[in-house]
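S.K.: For this one, chain P is given, so just place chains A, X, W, V, Y, Z and E on it according to the hints.
Chains as they are written, first to last, in the working numbering: chain P, 1 to 245; chain A, 1 to 245; chain X, 1 to 245; chain W, 1 to 245; chain V, 1 to 245; chain Y, 1 to 245; chain Z, 1 to 245; chain E, 1 to 245.
Everything labelled a hint here was simulated from the structure, so no lab data went into it. None of these values were measured; they are calculated from a predicted model. Glycine included, C-beta positions come from ideal geometry on N, C-alpha and C. Hints should not be assumed to be uniformly reliable.
Derived lysine-lysine pairs resembling BS3-like cross-links, with alpha carbons at most 30 angstroms apart [claimed, not checked]: (1) Z:K11 with W:K167; (2) W:K167 with P:K167; (3) V:K11 with Y:K167; (4) W:K11 with X:K167; (5) P:K11 with A:K167; (6) V:K11 with Z:K11; (7) X:K11 with W:K167; (8) Z:K167 with X:K11; (9) E:K167 with Z:K11.
Stretch-level coverage of chain V by chain Z, calculated; a stretch enters the list once three of its residues show a Cβ under 8 angstroms from a Cβ in chain Z [what the hints assert, rightly or not]: (10) 199-213; (11) 216-230.
8 protein chains.
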Amino acid sequence: MAIEGILKAFKEGRLDLDEAKTQISSSYFEEIEGTTIDHSRQARTGQAEVIFAQSKTTPQVLSAFKRIADNGNNVLATRVREEAGEALQAEFPDLAYSETANLASLVINEPERLTTPIGVITAGTSDLSVAEEAALTAEFYGSPVLRINDVGVAGIHRLFARLEEIKTCRTLVVVAGMEGALPSVVGGLVAKPVIAVPTSIGYGASFNGLAALLGMLNSCASGVSVVNIDNGFGAGFQAHRINQL
Amino acid sequence: MAIEGILKAFKEGRLDLDEAKTQISSSYFEEIEGTTIDHSRQARTGQAEVIFAQSKTTPQVLSAFKRIADNGNNVLATRVREEAGEALQAEFPDLAYSETANLASLVINEPERLTTPIGVITAGTSDLSVAEEAALTAEFYGSPVLRINDVGVAGIHRLFARLEEIKTCRTLVVVAGMEGALPSVVGGLVAKPVIAVPTSIGYGASFNGLAALLGMLNSCASGVSVVNIDNGFGAGFQAHRINQL
Amino acid sequence: MAIEGILKAFKEGRLDLDEAKTQISSSYFEEIEGTTIDHSRQARTGQAEVIFAQSKTTPQVLSAFKRIADNGNNVLATRVREEAGEALQAEFPDLAYSETANLASLVINEPERLTTPIGVITAGTSDLSVAEEAALTAEFYGSPVLRINDVGVAGIHRLFARLEEIKTCRTLVVVAGMEGALPSVVGGLVAKPVIAVPTSIGYGASFNGLAALLGMLNSCASGVSVVNIDNGFGAGFQAHRINQL
Amino acid sequence: MAIEGILKAFKEGRLDLDEAKTQISSSYFEEIEGTTIDHSRQARTGQAEVIFAQSKTTPQVLSAFKRIADNGNNVLATRVREEAGEALQAEFPDLAYSETANLASLVINEPERLTTPIGVITAGTSDLSVAEEAALTAEFYGSPVLRINDVGVAGIHRLFARLEEIKTCRTLVVVAGMEGALPSVVGGLVAKPVIAVPTSIGYGASFNGLAALLGMLNSCASGVSVVNIDNGFGAGFQAHRINQL
Amino acid sequence: MAIEGILKAFKEGRLDLDEAKTQISSSYFEEIEGTTIDHSRQARTGQAEVIFAQSKTTPQVLSAFKRIADNGNNVLATRVREEAGEALQAEFPDLAYSETANLASLVINEPERLTTPIGVITAGTSDLSVAEEAALTAEFYGSPVLRINDVGVAGIHRLFARLEEIKTCRTLVVVAGMEGALPSVVGGLVAKPVIAVPTSIGYGASFNGLAALLGMLNSCASGVSVVNIDNGFGAGFQAHRINQL
Amino acid sequence: MAIEGILKAFKEGRLDLDEAKTQISSSYFEEIEGTTIDHSRQARTGQAEVIFAQSKTTPQVLSAFKRIADNGNNVLATRVREEAGEALQAEFPDLAYSETANLASLVINEPERLTTPIGVITAGTSDLSVAEEAALTAEFYGSPVLRINDVGVAGIHRLFARLEEIKTCRTLVVVAGMEGALPSVVGGLVAKPVIAVPTSIGYGASFNGLAALLGMLNSCASGVSVVNIDNGFGAGFQAHRINQL
Amino acid sequence: MAIEGILKAFKEGRLDLDEAKTQISSSYFEEIEGTTIDHSRQARTGQAEVIFAQSKTTPQVLSAFKRIADNGNNVLATRVREEAGEALQAEFPDLAYSETANLASLVINEPERLTTPIGVITAGTSDLSVAEEAALTAEFYGSPVLRINDVGVAGIHRLFARLEEIKTCRTLVVVAGMEGALPSVVGGLVAKPVIAVPTSIGYGASFNGLAALLGMLNSCASGVSVVNIDNGFGAGFQAHRINQL
Amino acid sequence: MAIEGILKAFKEGRLDLDEAKTQISSSYFEEIEGTTIDHSRQARTGQAEVIFAQSKTTPQVLSAFKRIADNGNNVLATRVREEAGEALQAEFPDLAYSETANLASLVINEPERLTTPIGVITAGTSDLSVAEEAALTAEFYGSPVLRINDVGVAGIHRLFARLEEIKTCRTLVVVAGMEGALPSVVGGLVAKPVIAVPTSIGYGASFNGLAALLGMLNSCASGVSVVNIDNGFGAGFQAHRINQL
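Chain P extracted, bound-state conformation (with noise of 0.2 angstroms):
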């Protein structure tokens, strides 16, 4: 819209090639201490801004989701440690932090809540902080999510047991370390799409999470679709993305 009222003044003479360029650019961008925060983004592809807070500091990722908030734009940030976790909360009242997830999440426009449901799977316990990363990433963008935890295949009978819940979901993200079968066995059993999740827990070969990755790569099971080692948040989005369809 912005870009066809800049046609417009170009077409019309009020700007010239270069104006009309320089424009275009500059209502997409602002460079703040070397990140572009792309306030576009939300219109462009449906995302609100996602903060990787892995390598910054305290001060890096309070004032980056600050900029983001003044905008008034929905703010998640993954990978936040503790003590930026509770900077944010001191700055943010209405901010949300999980410390399982290491995620924080502030909600100034309410997105448009699904009714459909997204299942998130665990097979061990350890695996939660990875399937919460995806549950409140999935639910952050508005799609509702129901839990199910500890039904690795070493005791399948505990899959069985929750087969009815699981068979309501539009989606599944499956959250597994390490040999990662959890996937093939539900990818088996229902007829929805599967996001695995291979996840870092494990020692020795499990090469932390690439005996996991491995063996969802090559799932027997079809309707199998792969996310990075402990990438909760890439699996909770791209089910929130296929629910919204």
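M.R.: Positioned in the frame of chain P, the structure of chains A, X, W, V, Y, Z and E alone reads:
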């Protein structure tokens, strides 16, 4: 349903417990020369039986194909070498065989035809074989497919020229070898679920598709999930499953 | 025993120290064209001599086979290509050769026949070649074998339909390629030792069986130990050794 | 048994179909703070509940431990750090905690005590921690253990000096880091099943136990199967399971 | 030059052969506590002496720095931790230290200042540290630098908005972690040599920068060459060397 | 330029917005059997269209080659097998085909011929094929090439004997397999940009060029950047691009 | 010798067979807290007992050290952290401890002092720690050592300046990190056995010494053999063993 | 010597500086079709010229062989396929060609024959090809060789039976595939330098010799150094070089 019948018979005493269990099992399975053909899969997961022909001889492929078709079910076979493809065509006049994708399909019961298209996008012409496996799989299950070829990131204007078409799709399969960067660019431009397929196209440090696989797993764009290297079938199936929602 | 004889002779002065040592050694070895055939292995470890034929020419296989058989010992040869298999059958009318398993065996002294069965279970029909190597190995040494085929985790109800049979076995060999998840599921359901065999079935990120191998090593089920990729012989041998206890 | 009761009640009309299914499920599970404690595992697989404490906080370990013990079941916890170990000891006076193995165990119901010993053999003193995890696990389940330490292949006469003792065992756990050669040598000398445990002892090209793991998987001796790097628990459990036969 | 003097002296008989050789050597080297400071490097390769401070203590860094500076040469030190940086600043008031890049530089002889700029472009703000190492290195040697930050491929319009600026540069350093796709896109848009720098930014299957490294090596764009993971210095140096031509 | 014409037409009302966009796109592309031939690449990036023939059939190579040549553009094709090379020569009498480098080139518009040479240096004669790909590529684009062969580091005096020649080059391509050490030595002796090309020459732990690749990426010499294993084309192109500056 | 005594006693009837075997064993071993100290190793292999202290606590190191020294044997301990080094020095006034090499040695019986020197050569000063481990090990066993530091291939004239000295050595230990190219160059210049030691010095694609290790294994120079990454002890020991011949 | 003549001529004015340099260079090299034959190598490093024939055509091998022989030097060629071997034998009646080792050698000047033997020991008969490459190389240079075959660690009594013979050797080459454990055992028993050669014999997780390579690098025995996978030549050469001392 059948199971309800058996359970009723059990309750009414026409079956004892062991007979009940045996009948339930046998209603599901028929074992032929070491292959448990799973006739009820279509009902259970909404998926026709698929034959992975890579390590099978031509007679084995023919015999597995025949058994399923004779039960009146649709059949899809992937990684069918030309020789086996010709043998199948001789046996089943209505069978379609694609040399590009090494894929054979026989439709006996017309599937529900969806109206929303899936986009199948390749980075280079060398990725066509995998992309066709994805496209033909999606079409076999009932999704229309829009093919966009050779729009890799080294000539990114080619992608932009097709962007409006791409945005008409409901979900996207993006196929790329070498550095595998195309899904990230597409994922940043289009707010649709992207199923990324790394291919083994490349040489040297591509390590038979590992470079592309790792690139896609580490995508900085959200809404990208990944299937195995060269797994066009998996991507096409997952895209259709999402399209069905 | 022989050694006791030598030692007595040494004590009684019929042998001096050096002669004693020489006789002990020579009772063990006979070197033929670079291969130290180990005729006493059967006594020492309870294991017939096994020929690993992978990197041997047909004449080399024949000659090694003959030498052992001529000493009146049972022989097993693995990874015997068809050509060598036929040459062996021409030479030894009583020899059994399996094309599926590429395994040749000649029983001269009937082994002790055990009564408790070993279960050999495969995830898919493509795993049959490795599974047969395991099954025929166990049978060669004297264990009965129960074969359960094509019960992989993507259609897990097929496994449940066979569970009662599986529980009758004393120990289990579980063979799977791709993500290699079947041993975890079996190990969680049956309280028997599971010998897991990863196979090189798969493509792309299966990395010739690495994915299945890592999956099995990281099994979340207890009671699972693992042999090398495609090592059906090793699994069959280990299962029989356990069955012997 | 319980299930038979439920089925009878179903047949006699005291339960309808849905109630029957719910009761079966609930007789198995009780979900506590995200952990599905599996009280029936002991019956189903002959295995006490095991807690993998590596990624759990001290309160989480305590609470999981307590819940199982309060049900009157034996408990084993592996990878218990000293702090958690002390907390457990304060709570359960009868609990045994090994600093060497980081293992806590509480025996409430004395297990059946077997009389045939399991041998636990190490290549070097640095492997003791993993070996003790194996030995204490086997003892917890009821197997007597013979410990043979520091008999690695670089001083192989030390192994020969203990060979007669080793031959008295029914099955062997062999623990080694660095090149991981000890299981091959033991497997060639003793006709008993060998469970090989690679350890992460070493540096440089040991790649945290990968060298030992690959060495053991490629063992030229028959009768060797392998568990994950540093997985003393898995080896001790598998050895006991074999010993039970 | 010095060498010509020595050779003349040799010819004129003022030196014998051995003396000549010794003098030539000693004019080049001076060994200080195990470090052969190479005072003639600047003449020989046009490169000031560079200290790689990663595995050096603060006193070692100070002493190496002092020795070079005392000879009147410019000094650059990379991977200088903050503590060492402060110690250097206390000793050399004219020294510049960057906390972002962990780089210390002391210019004694003003280098030739080139007028054509080098572009240093990052995919994300987390790549800034490596990019600054490149930029400050290039500036130290005499190249002006244009910095373009946070224009990664997931928001590719940000790159387009800066394209005209980028095209003014003579050579480009492109810094990216995760999937490392930015150099391919830049290389396809701008006909200038691209030096690609993978960074270790990411997690899981980024394997500490391996994914980005492989991506860049497999770039489908021409005109891209690659340096080691996180090697900002190497990229800045190579870009300056090209800029000097 | 063309775009300016379109924009003017848009401003003057001869085109509406949609028509303008369509015309811009179509001036760039022409899609032929799945390959988007990019006729404007030469203008945009200064690079003739290059065909990567590795995974293409002879007819596909011929047809792609013809299409470009028919547009009056120079063509370069890499990894052209002998059969395809002969077919090309039959079709295009002026085409040059190198069996050593598997490279076909057709010059229709004589490129600007530069006068400063590029040095192409090999460690061993087995590296010649890759080196010729680099040299012929550079010559195709207009750079003269000085070839220096077989001067690997195990006989380093051979390198010194050619050093004065090497110093006359403006930039250097250094090609080596096995340990890949030559670029480090050259980079330490000559103050020119070095493009290092690892080759797959070697065996065992060379892992098809991985050893050489890692060696070059870790070069202790400054001024070395690296291309993919066996990527002679990429190195020759990059060297020419630098030479053009 | 002792064994001859035992055998005579056996022959003369003063020992029965079992007693004879027991005495032979016990003359070799004494088990102390899980460590089989091997007092006869010095006689058997010419090697003093060596303690690998990496995974041992200070009390464990002290106790192992004491036990050997109390038997009147020389002791060498590698990877001794400073704390343990100080404790050893407090206990053994004659002990030498090197902070650079983390090596402690105590000479009780002066070894035979050889006169031919071993050369220990490093590529960079960061390799000194590993090189000192090699040099001090060789000196401990009796070889004189010539140390040549910081002569890596990026400044190869530094190596040439020391070449005559190097040629006076009987065997060479060459220590290098990063690309590990120095052993190839030295091996091409000097006709002496080269023991190459890769170090973990480097970052990024050095993968903790893997790049240097692969480089050295693929050396194009003959007469180069390799030890583990950072294994200065192994190289010094091997060089001394060769020097002893 | 020649160089002294040139220097004298330079001093006496019969040569100017440039002429002197040219003459020195040309006395060393003669370039033939891209291969710099290094006629002075024998003098400089005591090593005859060796041809690595793996990637060379039969005519190329013949021509390289001829050129060296025509200069009156001994020649060794490794990895000579049978066809090339026969062509060489036709050309040089005195040439020896081994089909087992794929090695061709021509002795024109009888080397100095040493009297101390080198032991070449294999784990299995499949390792014979690599072992023969080592043995024939050592013999070519003048060392007598003692061959000990098929004494791998799974039947370790076979090794003990040959131990006295092995101890008569001055240095040992130990060749093993699969887990590569033999060098550790030999190194613990014999106080001689061991050159370990991993072979690519094995399958699955042997990863073409990687398992054996890692095992040998991590050997717990001292006095073991390692060459590349399948590098029999390198081991034989290194053993001879040590034997020469």
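S.K.: All hints, please: hold or fail.
M.R.: Each hint tested on the structure:
1. Z:K11 with W:K167: The given pair, whose Cα atoms are some 27 angstroms apart, holds under the 30 angstroms limit.
2. W:K167 with P:K167: Status violated; Cα separation ~54 angstroms.
3. V:K11 with Y:K167: holds, 28 angstroms
4. W:K11 with X:K167: Holds - the C-alpha atoms of K167 of chain X and K11 of chain W are around 27 angstroms apart, at most 30 angstroms.
5. P:K11 with A:K167: holds, 27 angstroms
6. V:K11 with Z:K11: violated, 83 angstroms
7. X:K11 with W:K167: Distance of about 27 angstroms is within 30 angstroms: holds.
8. Z:K167 with X:K11: Not satisfied, since the Cα-Cα distance of roughly 57 angstroms exceeds 30 angstroms.
9. E:K167 with Z:K11: Distance ~28 angstroms between K167 of chain E and K11 of chain Z Cα, so the pair holds.
10. 199-213: Holds: 5 residues of the stretch 199-213 of chain V have a Cβ under 8 angstroms from chain Z.
11. 216-230: holds (count 3)
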